[in-house]
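Asks: Guided by the hints, dock chain B onto chain A, whose structure is given.
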Amino acid sequence: GAVVSQHPSWVICKSGTSVKIECRSLDFQATTMFWYRQFPKQSLMLMATSNEGSKATYEQGVEKDKFLINHASLTLSTLTVTSAHPEDSSFYICSARVGLRNTGELFFGEGSRLTVL
Amino acid sequence: RKEVEQDPGPFNVPEGATVAFNCTYSNSASQSFFWYRQDCRKEPKLLMSVYSSGNEDGRFTAQLNRASQYISLLIRDSKLSDSATYLCVVAYRAAGNKLTFGGGTRVLVKP
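So the protein sequences, as listed, match chains A and B.
Residue 126 in our numbering sits at position 113 of the first sequence, and the numbers go up by one each step.
Residue 252 in our numbering sits at position 32 of the second sequence, and the numbers go up by one each step.
Keep in mind that the hints were calculated from the coordinates and are not lab data.
Keep in mind the model is a prediction, meaning the values are calculated, not measured.
Even glycine gets a Cβ: it sits at the ideal position worked out from N, Cα and C.
Incorrect hints may appear among the rest.
Taking beta-carbon pairs under 8 Å as the criterion, some of the chain A residues facing chain B (in silico) [claimed, not checked]:
hint, residue
1, GLU76
2, ILE106
3, PHE121
4, GLY122
No farther apart than 20 Å at their CA atoms in a straight line, the calculated lysine-lysine pairs in the PhoX-like style are these [as the list claims (entries may be wrong)]:
hint, chain 1, residue 1, chain 2, residue 2
5, A, LYS54, B, LYS265
6, B, LYS222, B, LYS318
7, A, LYS33, A, LYS79
8, B, LYS265, B, LYS318
9, A, LYS68, B, LYS265
10, A, LYS79, A, LYS68
11, B, LYS265, B, LYS299
12, B, LYS299, B, LYS318
13, A, LYS27, A, LYS79
14, A, LYS33, A, LYS77
15, B, LYS299, A, LYS68
16, A, LYS77, B, LYS330
17, A, LYS54, B, LYS222
18, A, LYS27, A, LYS54
What follows is a set of in silico ranges between Cβ atoms, one per label pair, in the way DEER data are often shown [what the hints assert, rightly or not]:
hint, chain 1, residue 1, chain 2, residue 2, range
19, B, LYS262, A, THR93, 38 to 48 Å
20, B, ASN247, A, LYS68, 39 to 49 Å
21, B, GLN251, A, LEU87, 24 to 34 Å
22, A, LYS68, B, ASP297, 41 to 51 Å
23, B, GLU235, A, GLY66, 24 to 34 Å
24, A, SER22, B, PRO230, 22 to 32 Å
25, B, SER288, A, SER96, 43 to 53 Å
26, A, LEU130, B, LYS262, 22 to 32 Å
27, B, GLY236, A, ASP78, 25 to 35 Å
28, A, SER86, B, ASN242, 38 to 48 Å
29, A, ASP78, B, ASP227, 44 to 54 Å
30, A, SER28, B, ARG261, 22 to 32 Å
31, A, GLY66, B, SER248, 28 to 38 Å
32, B, LYS262, A, LYS68, 24 to 34 Å
Extracted from the complex, chain A is given alone in its bound form (with noise of 0.2 Å):
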């Protein structure tokens, strides 16, 4: 099936750095990448709705300019988490889909622990 790369795996940062994550379609070409953060014991929340070529989508009572998403090409997108707090350590996850139609399957990277000191 197709992969999903994401990078770091692991990242421990202190209070007040920006920390990027990359999310990367090894396979295909994602016009659309989806990241999500999952706080432990809990779901899956999107944060927003990456776009090849134009703006990200976020979700409501995510901040944009805390949470810099750029989707420059076809097979990267990158999340900047800016001024992290430790309130923003979590499990960061992007997803793909395959393809134009939406079939429902995502392609999951292998996410990203942030731990903020």
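Replies: Below, chain B alone, put in the same frame as chain A:
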């Protein structure tokens, strides 16, 4: 009320037994339904789609009840490797087929 609700469990299941659990959704306009599996600290992976007439994939059977707005997953002959969190996922066209995840049901299969 959450859009998609699941019993968090855990469901402790003896190896070889059958386990079933439901997921309720609040939006009657929901169009598509899926079960994803998530292992601890891993990304979710599609287990199966859920069709209106119900469908089976090996030891897994999924059912949809639109009238009562729930879907179910049944696992027969449970294996130790079935231990995971099972995520109910709902999509509806009006929201651009955006997927909404339930909180997951944790299943622990024990020898």
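Asks: Take the C-alpha atoms of LYS54 of chain A and LYS265 of chain B, compute the straight-line distance between them, and say whether it is at most 20 Å.
Replies: Holds, at roughly 17 Å.
Asks: Range first: 22 to 32 Å. Now tell me if the beta carbons of LEU130 of chain A and LYS262 of chain B are that far apart.
Replies: With Cβ atoms ~24 Å apart, the hint holds.
Asks: Measure nothing beyond the straight line between the CA atoms of LYS299 of chain B and LYS68 of chain A; if it is 20 Å or shorter, mark the hint as holding.
Replies: Judged against 20 Å, a Cα distance of about 45 Å means the pair is violated.
Asks: Can the restraint linking LYS265 of chain B and LYS318 of chain B be considered satisfied, given a maximum Cα separation of 20 Å?
Replies: Holds, because 17 Å separates the two Cα atoms, which is no more than 20 Å.
Asks: Just tell me: holds or violated, for the beta carbon distance of LYS262 of chain B and THR93 of chain A against 38 to 48 Å?
Replies: violated, 24 Å
Asks: Against the 20 Å threshold, does the CA-CA distance of LYS54 of chain A and LYS222 of chain B hold or violate the hint?
Replies: With a Cα-Cα distance of about 15 Å, the restraint between LYS54 of chain A and LYS222 of chain B holds, given a limit of 20 Å.
Asks: Within a Cα-Cα threshold of 20 Å, do LYS79 of chain A and LYS68 of chain A meet the stated pairing?
Replies: Satisfied, since the Cα-Cα distance of roughly 14 Å is no more than 20 Å.
Asks: Starting from the range 24 to 34 Å, see whether the pair LYS262 of chain B and LYS68 of chain A falls in it by beta-carbon distance.
Replies: holds, 31 Å
Asks: Does LYS222 of chain B pair with LYS318 of chain B here, judged by a C-alpha cut-off of 20 Å?
Replies: Distance ~16 Å between LYS222 of chain B and LYS318 of chain B Cα, so the pair holds.
Asks: Indicate whether the distance between the beta carbons of SER86 of chain A and ASN242 of chain B respects the range 38 to 48 Å.
Replies: At 41 Å between Cβs, range holds.
Asks: Against chain B, run the beta carbon of GLY122 of chain A and see if the smallest gap drops under 8 Å.
Replies: Holds, because the Cβ-Cβ distance from GLY122 of chain A to chain B comes to roughly 6 Å (cut-off 8 Å).
Asks: With a cut-off of 20 Å on the C-alpha distance, tell me whether LYS27 of chain A and LYS54 of chain A pass.
Replies: violated, 24 Å
Hint compliance for this structure: hints 1, 9, 12, 15, 16, 18, 19, 20, 23, 27 and 29 are not met, and every other hint is.
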